[in-house]
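Asks: The residues making up each chain are set out below.
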Amino acid sequence: MATETKAKSGLGSGILALLAAGGIILALYRFATGIGSVSNLNQGYPWGFWIGFDVLTGIALAAGGFVVAGLMHMFGGEKYHPLVRPTILTAFLGYLLFISALLVDLGRPWTIWHMMVMWHHESPMFEVGWCVMLYTTILFLEFLPVVFERFRWERLQRIWRNVSPWIAIALLVLFTVALVQIPAWIIAIAAVLVAFQLGVDLGFIHRNPRMPTMLMMAGIIFSTLHQSSLGTLFLIVPHKLNAIWYTPLLPVHFFVSAVAAGLAMVIVESTLSARLFGRRIELHLLKDVGNLLAWAILFYLALRGLDLVFRGVGMELLDVTPQSIAFWAEVVIGLLIPLAILLTPEFATSGPWLFWSSILVIIGLLLNRLNVSVIGITSEYAKTYYPHWMELGISAGIVSLGVLVYIYICRNFPVYVDESSSSHR
Amino acid sequence: MAMNALLIDLPRCMGCRGCQVACKHEYKRAAEKTEFFAGPGYQNPRDLSKDTWCLVTYNEVLVNGRFEWVFGKRQCMHCQVPGCISACPVQALEKLPTGPVVYHKDKCIGCRYCMLACPFVVPRFEFDSWNPYITKCTMCAHRQARGEIPACAKACPTGAITFGERDAMVREAQQRIANNPNGYVHHIYGLHEAGGTCVLHISSVPFEKLGYITKKVPTSPMVAHTEPAMKGIPFVMFGLAAILGLGYHLRTRLERQPADGAGDRQ
Amino acid sequence: MTNHWSDMAHADVVMICGSNAVENHPIASRWIERAKANGAVVLSCDPRYTRTTAFADHYCKMRSGTDIAFVGGMINYALQNDRVNREYVRHYTNATFLVNPEYDFEAGLFAGYDAGKRAYDASKWAYELDEQGVPVRDMTMEHPRCVFQLLKKHFARYDMDTVCSITGAPREDYEKICDVFTSTWAPDRVATWLYAMGTTQHTHGTQNIRTYAILQLLLGNIGMAGGGVNALRGESNVQGSTDMALLFHILPGYLKVPAPPLQTLAAYLEKNTPKSNDPSSGNWWQNTPKYMVSLLKAWWGDHATKENDFCYNYLPKPSGDRSFISLFEAIYAGTIKGLLCFGQNPAVGGPNSNKEREALARLDWLVCVDLFETDTATFWKRPGVDPSKIQTEVFLLPAAASMEKQGSVVNSGRWAQWRYAAAKPPGDARSDAWIVTRLVQELKALYEAGGAFPEPIRHLTWDYHVDDHGEPDIQYVAAEISGYYMEGEQKGRQVLNFTKLADDGSTCSGCWIFCGSYADYADGKGPELNDGPHITEVRGRKTINRLAKRFKEDPAKVPEGRCRGLDPDWAWCWPLNRRIIYNRASVDHQGQPWSPHRWVIRWNPALADGKGAWEGDVPDGGWPPLNNPDGTPNPASRNPFLMRPEGVACLFATALTDGPFPEHYEPLESPVANLLSPQQFNPVIKVWEPDLIGDPREFPIVATTYRVCEHWQAGAMTRNASWLVELMPDVFVELSADLAQRKGIHTGDWVRVSTKRGTMRARALVTRRFEPFFVAGKLVDQIGIPWHWGYAGLATGDSANVLTPHVGDANTMIPEYKAFLCRVEKEEVV
Ligand SMILES: Nc1nc2c(c(=O)[nH]1)N[C@H]1C(S)=C(S)[C@@H](COP(=O)(O)OP(=O)(O)OC[C@H]3O[C@@H](n4cnc5c(=O)[nH]c(N)nc54)[C@H](O)[C@@H]3O)O[C@H]1N2
Ligand SMILES: Nc1nc2c(c(=O)[nH]1)N[C@H]1C(S)=C(S)[C@@H](COP(=O)(O)OP(=O)(O)OC[C@H]3O[C@@H](n4cnc5c(=O)[nH]c(N)nc54)[C@H](O)[C@@H]3O)O[C@H]1N2
Ligand code: SF4
Ligand code: SF4
Ligand code: SF4
Ligand code: SF4
Ligand code: SF4
Ligand SMILES: [Mo]
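Chains as they are written, first to last, in this note's numbering: chain L, 1 to 425; chain C, 1001 to 1266; chain Y, 2001 to 2830.
Note that these hints are calculated values from the structure, not bench results. For each residue, glycine too, the CB sits at the ideal point set by N, CA and C. Just so you know, not all the hints are guaranteed correct.
Here are the computed lysine-lysine pairs in the BS3-like style, where the Cα-Cα straight-line distance is at most 30 Å [stated by the list, open to error]:
{"id": "1", "chain 1": "L", "residue 1": "Lys383", "chain 2": "C", "residue 2": "Lys1215"}
{"id": "2", "chain 1": "Y", "residue 1": "Lys2176", "chain 2": "C", "residue 2": "Lys1028"}
{"id": "3", "chain 1": "L", "residue 1": "Lys383", "chain 2": "C", "residue 2": "Lys1216"}
{"id": "4", "chain 1": "Y", "residue 1": "Lys2256", "chain 2": "Y", "residue 2": "Lys2686"}
{"id": "5", "chain 1": "C", "residue 1": "Lys1028", "chain 2": "C", "residue 2": "Lys1107"}
{"id": "6", "chain 1": "C", "residue 1": "Lys1154", "chain 2": "Y", "residue 2": "Lys2557"}
{"id": "7", "chain 1": "C", "residue 1": "Lys1209", "chain 2": "Y", "residue 2": "Lys2290"}
{"id": "8", "chain 1": "Y", "residue 1": "Lys2290", "chain 2": "Y", "residue 2": "Lys2337"}
{"id": "9", "chain 1": "C", "residue 1": "Lys1033", "chain 2": "C", "residue 2": "Lys1105"}
{"id": "10", "chain 1": "L", "residue 1": "Lys79", "chain 2": "C", "residue 2": "Lys1107"}
{"id": "11", "chain 1": "Y", "residue 1": "Lys2826", "chain 2": "C", "residue 2": "Lys1033"}
{"id": "12", "chain 1": "L", "residue 1": "Lys383", "chain 2": "C", "residue 2": "Lys1105"}
{"id": "13", "chain 1": "C", "residue 1": "Lys1033", "chain 2": "Y", "residue 2": "Lys2381"}
{"id": "14", "chain 1": "Y", "residue 1": "Lys2306", "chain 2": "Y", "residue 2": "Lys2337"}
{"id": "15", "chain 1": "Y", "residue 1": "Lys2317", "chain 2": "Y", "residue 2": "Lys2124"}
{"id": "16", "chain 1": "C", "residue 1": "Lys1028", "chain 2": "L", "residue 2": "Lys383"}
{"id": "17", "chain 1": "Y", "residue 1": "Lys2444", "chain 2": "Y", "residue 2": "Lys2337"}
{"id": "18", "chain 1": "L", "residue 1": "Lys287", "chain 2": "C", "residue 2": "Lys1107"}
{"id": "19", "chain 1": "Y", "residue 1": "Lys2271", "chain 2": "Y", "residue 2": "Lys2686"}
{"id": "20", "chain 1": "Y", "residue 1": "Lys2124", "chain 2": "Y", "residue 2": "Lys2557"}
{"id": "21", "chain 1": "Y", "residue 1": "Lys2424", "chain 2": "C", "residue 2": "Lys1154"}
{"id": "22", "chain 1": "Y", "residue 1": "Lys2552", "chain 2": "C", "residue 2": "Lys1154"}
{"id": "23", "chain 1": "Y", "residue 1": "Lys2778", "chain 2": "Y", "residue 2": "Lys2743"}
{"id": "24", "chain 1": "C", "residue 1": "Lys1231", "chain 2": "L", "residue 2": "Lys383"}
Which residues of chain C face chain Y? A partial, calculated answer using Cβ under 8 Å [said to hold, decoys possible]:
{"id": "25", "residue": "Gly1015"}
{"id": "26", "residue": "Cys1016"}
{"id": "27", "residue": "Gly1018"}
{"id": "28", "residue": "His1025"}
{"id": "29", "residue": "Ala1031"}
{"id": "30", "residue": "Glu1060"}
{"id": "31", "residue": "Gln1175"}
{"id": "32", "residue": "Ala1178"}
According to the in silico footprint, chain C covers these stretches of chain L (three or more CB under 8 Å from chain C) [said to hold, decoys possible]:
{"id": "33", "segment": "27-38"}
{"id": "34", "segment": "106-120"}
{"id": "35", "segment": "185-194"}
{"id": "36", "segment": "231-238"}
Isolated chain L (complex conformation) (with noise of 0.2 Å):
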């Protein structure tokens, strides 16, 4: 049987290679000639599948990393750490690939740096940035014992561990610096965190033996900003955005969607490595996260439902549009099928049901995103925007990169500790 799947794997990671080698093709060509020939976008829609996909949907697939940390940290969920690393991981290369994509969609990439200085507190796009650049950071930090320990470098492991916490702590009072720009808030903020590792330090906060929780609280903090800010984004477009998605509250939307996916991502991506690479599933830990997962549904369920409500939205529901089409699509397909079933006993318990609960959860999270950035738009004068294929193309590029890299630093590098065979391959 091992042998079959590697056969089945091989030929997979053919085809992403294929897909992989593609997108770089029709990326260079997007750099030689402009995005217009690469993609419909146009001047009534600037923005398309690239912000949609790449950007909305890929981080907030990313937030498995900082959901398994909170539970970890918050609730001592020891038991999650097996969970820990992978996540960690697919965050990590997330936002990379997110970037990657960035610097696609973006029209001067090569001027991505002026966002270090040339501030705008102003602009929840320089949040969103500096969100991006600060967290991948903070994931990069997380990540590095992996590397440390595939070639066993203990001293610089050691350094790791005492340096990293203060490393977060600058990037965290730097972002406040950046955003905030109050000095009363940056003294508060700055003295709760260095008062927090001191207390580490001296011994009076236990330090956590595997990471410093630091780091963990910075990941937390920034990416619950991240995907918020997201959100925040579409603030600015009342006059675009379709009553049905545009809210004062869609930041916490973005969130609590995220946190939902978060956790999906957790049991899609532990399955999917678990038969890649013959691993049993940690069934216990996933039926606690499906768990967790109804929750998070029912939770945002009721926030989305009492804020149209109160915003008096409801007629636009009923009558066919293209807009309240995808708004039932993205409810239907991605929370009030998901959550009937994570909500069936039966169903709960098993690894087959968990999986595809958690897929419908991830494309309801996708229609959404898709919903705010560009099917709910509507923009005067312009002519309508769909995806141009090598839009499309590009994308399933960087994606099919992304797995790839996975595969490869799952199979080289002690990603999954496994407690009963801790031998890293």
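Following the hints, complete the assembly by docking chains C and Y with the ligands onto the known chain L.
Replies: Only chains C and Y with the ligands this time, still in chain L's reference frame:
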């Protein structure tokens, strides 16, 4: 320095498009390849574009039973609190104290968020270039700096475009409406739209009949819609830091109660 | 123009009929806008809703070719409702003159018609004269044969119903127009009439204008600020070209071209110098000899002597019509072998252009002098012809554009304004003056060697201070046009003005109406003595180029109530820098203005230490007012219309070939029979190609051609400008939704428009701006086509002129571009 504005008096406009050509001439923007007509009447091209920053529109409308041919003018409105500026992450767009909203091409990263944010759908992007920029009407800031009036205003034969201090222009507009109450709809487009703009329009027919964006443009500046969320950032950071920190400490405490109190330093 | 551009601001009513002023004269709209701001009402009468209409307060549509009926009805309305400025009409027009009993009007024809010659004997329309040979007048205007009564009788036939059913004008719209316009009969209300090609390009174009003039005279609107009959001239310097006689039937300053019988100067002057025995008539043209001789002196200088009739015999004496159409007929017939085409593009602009393009192929040689390679210059390689089959040798000389050379331009308001070169001409391009000078030098050289009748060329004066690049000093030309003394102690000095020109050969003037435009510095006064580019040196003397003056009038110095915009020191205006001509008609017998709050001139007894003098504009004749302060007539005075032998304006005019009163005839091609008389079309026009006249059953739709703001004329200048091409790339035809629906045509479709002459393709623009007309009880459709396109340049398309007929106005021969019959079909996509 006083805040200037353009006053567009549509009943005085006779659709000659001197302004449209003068604008292209001033900025040496390329002519677009057009065929026949792109819009109602003689309109060409169809929409504002990277090379067309000023567009005269032709509208054949029925005004209480009577047929009228009425013209409109589209360009950057030079908002007083511009959405495009609030959107830009690198301050590539700037509001000059004299009114113009200008673009610093060397700062721009090409994220096109300004295009999304503009309530009047104005900024344009050079999608067809490997080295693209945003383009739009500059209110002829460079001419203003030389003490000259914008090229379109200069070219206008009828005096449909007046240029001057915004306050004066607002008063002028109110005057014209008062002097000819039946000749104008009693609304100054741009007085309150998007928090007020430095391009003001007055018209003999309701603006929506001329294809102007009316209901969809909020009267508040665009930044008013993102500000609350942005203000939330420090609360989230401080809150999370505190809660996570405290939460972690307490939890680990409880967990390690039964075991011996010694901290485990490795 | 009787008035000028900025004067439009003074009008109470602005009538725009026969012109699309805001589109084709955009700057006019600035002044009309000023008038509006002062509460003026703007009227637009046009077969279609134009951008001018969009600018106007009231609109009335009318079928192309029916202006005489339309305005005739307005005249009738004024007369029936006694909306007439009687004092004005009685004293300043020939309303009171008696016409001899032979005059008669019957079945659409005036007395004296010769069907064989297709011409009138105008003597049948003469005034009744007393024993001194002075016209008899009935100041009560009651006599059945006085002009006023004849006018009433003639236009009584133009009642509302008849007019509306001829023109297709909706009655209530038409009534509104009549009411608003004739409301200016009150002495203190003024209306201006703006017209252009919509009026003139008809077989009865001149009579169209006559109707405007008659109406304006009845209402007392001539000579007034904000009034007048104003031709918005076309090409930016077409007024100048007319003044300088770029026409076949006049010499510079509107002197008549000698006819073959007039072999001596004496004979010419005898024939062309009008006489008047009326002591109250200024009869200015009695000075014709002075102007003619001064012109001949300007041309042949010292060679022109009393003994040799001042070289009068050098002048060509063409027999008959040499107008545009007949020239091309002659080229077509092969009688003309060569063509110099300076700044003209007849392959697009000429009527029945298929024929005219054919004609070009029959030339031995063609020289085009132009900014661009025009459709005319490329006729031999136009689509559908085989260049190898065309023998014509074609030369193209690149010309410098107006902004690339110094010179003057005369605008419609008769202002001659100097312009300076703003840029260097590209490549080998040269000024027209340079090109003509080279031509003259070459010809002189050739004729020195001999040839038939060489003197006119050999003796031609060409002392324009040509520099070593061959460029003449255009200031010298301007100075000669104005004129200077050729002998006596004044020799070489600029002549003060045309009252000083002489018929003894002591003065020269290239165009008498411009005499005084270029002054000797010693004769200067006021601001013009200040330094500036207008101070020049010509023939070694310090001179003032008044065309180059740019001093605005100080508003503070404008006397109470006087109209604005006279600006005597801004450029120069013929005649005598008079800004509003006939201004003597703007005052009553005491010399006091009809309209005190916008007076043009007025008699101020206090001035000239008690002797009294005129103030304001330069008066049209400096004589004192008609009456003394005590009300008795002043024998020293003269009547206000000094260019007429009568001394008054003519409601009844004997000078035109097609009748003393305007009478409505249908265009040569018309879908309906003339409702007013059995005479279907103008009885005296020459029909060049009878077999090319369309039958209404085959071609039921009325067509007209016109301009758009975005393009210029035959298109070379705009179809080569990408920014303008962007605005209007393709030729299109405008038609009503109604017609389109019947033909299954939609906006953007390709359609074929055909006439008896030819067929063109164009894109259809279906619009409410065109509507069918209800004429003589049936629906008549009309379409319109901008005529700017051709096969050369950036943007190409079929020319509307492949459709237009070879027929012209009875007096001016201007082609009938505005009303003809066509057929429209949707082009089936194959
Ligand atoms: N932009 C632009 N401006 C121009 C020119 C140009 O080519 N382009 N050409 C210049 C020249 S040379 C000239 S001569 C002038 C001409 O100036 P216009 O005379 O204004 O030019 P057109 O558009 O030929 O005709 C004017 C109007 O006459 C209307 N019309 C048609 N038939 C009739 C009729 O029977 N009676 C009446 N009352 N109206 C009728 C037409 O619908 C049209 O709107 O424009 C000058 N200005
Ligand atoms: N169907 C239809 N036909 C019409 C009319 C109409 O209303 N309907 N209108 C008629 C009227 S009013 C007119 S005026 C004629 C106009 O007919 P045209 O005079 O033939 O038309 P334009 O295009 O004005 O030609 C002027 C040419 O002079 C060139 N040019 C410009 N400046 C200079 C210069 O300084 N020197 C030289 N050498 N060349 C120069 C330009 O490039 C242009 O090619 O068309 C007539 N044709
Ligand atoms: S109109 Fe749009 S582009 Fe212009 S200033 Fe306002 S927001 Fe910016
Ligand atoms: S595209 Fe350029 S100008 Fe517009 S928001 Fe992005 S960086 Fe700013
Ligand atoms: S203000 Fe300047 S840039 Fe803006 S439309 Fe007018 S001419 Fe063009
Ligand atoms: S130039 Fe003036 S009149 Fe002409 S289209 Fe522009 S605004 Fe209207
Ligand atoms: S002559 Fe020139 S400025 Fe004057 S109206 Fe025509 S186009 Fe405008
Ligand atoms: Mo003309």
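Asks: Indicate, hint by hint, whether the structure satisfies it.
Replies: Against the structure, the hints come out as follows:
no.: 1; hint: L:Lys383 / C:Lys1215; result: holds, 20 Å
no.: 2; hint: Y:Lys2176 / C:Lys1028; result: violated, 47 Å
no.: 3; hint: L:Lys383 / C:Lys1216; result: holds, 18 Å
no.: 4; hint: Y:Lys2256 / Y:Lys2686; result: holds, 22 Å
no.: 5; hint: C:Lys1028 / C:Lys1107; result: holds, 22 Å
no.: 6; hint: C:Lys1154 / Y:Lys2557; result: holds, 28 Å
no.: 7; hint: C:Lys1209 / Y:Lys2290; result: violated, 64 Å
no.: 8; hint: Y:Lys2290 / Y:Lys2337; result: violated, 37 Å
no.: 9; hint: C:Lys1033 / C:Lys1105; result: holds, 26 Å
no.: 10; hint: L:Lys79 / C:Lys1107; result: violated, 49 Å
no.: 11; hint: Y:Lys2826 / C:Lys1033; result: holds, 25 Å
no.: 12; hint: L:Lys383 / C:Lys1105; result: holds, 26 Å
no.: 13; hint: C:Lys1033 / Y:Lys2381; result: holds, 26 Å
no.: 14; hint: Y:Lys2306 / Y:Lys2337; result: violated, 36 Å
no.: 15; hint: Y:Lys2317 / Y:Lys2124; result: holds, 28 Å
no.: 16; hint: C:Lys1028 / L:Lys383; result: holds, 26 Å
no.: 17; hint: Y:Lys2444 / Y:Lys2337; result: holds, 21 Å
no.: 18; hint: L:Lys287 / C:Lys1107; result: violated, 50 Å
no.: 19; hint: Y:Lys2271 / Y:Lys2686; result: holds, 26 Å
no.: 20; hint: Y:Lys2124 / Y:Lys2557; result: violated, 53 Å
no.: 21; hint: Y:Lys2424 / C:Lys1154; result: holds, 25 Å
no.: 22; hint: Y:Lys2552 / C:Lys1154; result: holds, 20 Å
no.: 23; hint: Y:Lys2778 / Y:Lys2743; result: holds, 18 Å
no.: 24; hint: C:Lys1231 / L:Lys383; result: violated, 35 Å
no.: 25; hint: Gly1015; result: holds, 5 Å
no.: 26; hint: Cys1016; result: holds, 5 Å
no.: 27; hint: Gly1018; result: holds, 7 Å
no.: 28; hint: His1025; result: holds, 7 Å
no.: 29; hint: Ala1031; result: holds, 4 Å
no.: 30; hint: Glu1060; result: holds, 6 Å
no.: 31; hint: Gln1175; result: violated, 11 Å
no.: 32; hint: Ala1178; result: violated, 14 Å
no.: 33; hint: 27-38; result: holds (count 7)
no.: 34; hint: 106-120; result: holds (count 11)
no.: 35; hint: 185-194; result: holds (count 5)
no.: 36; hint: 231-238; result: holds (count 7)
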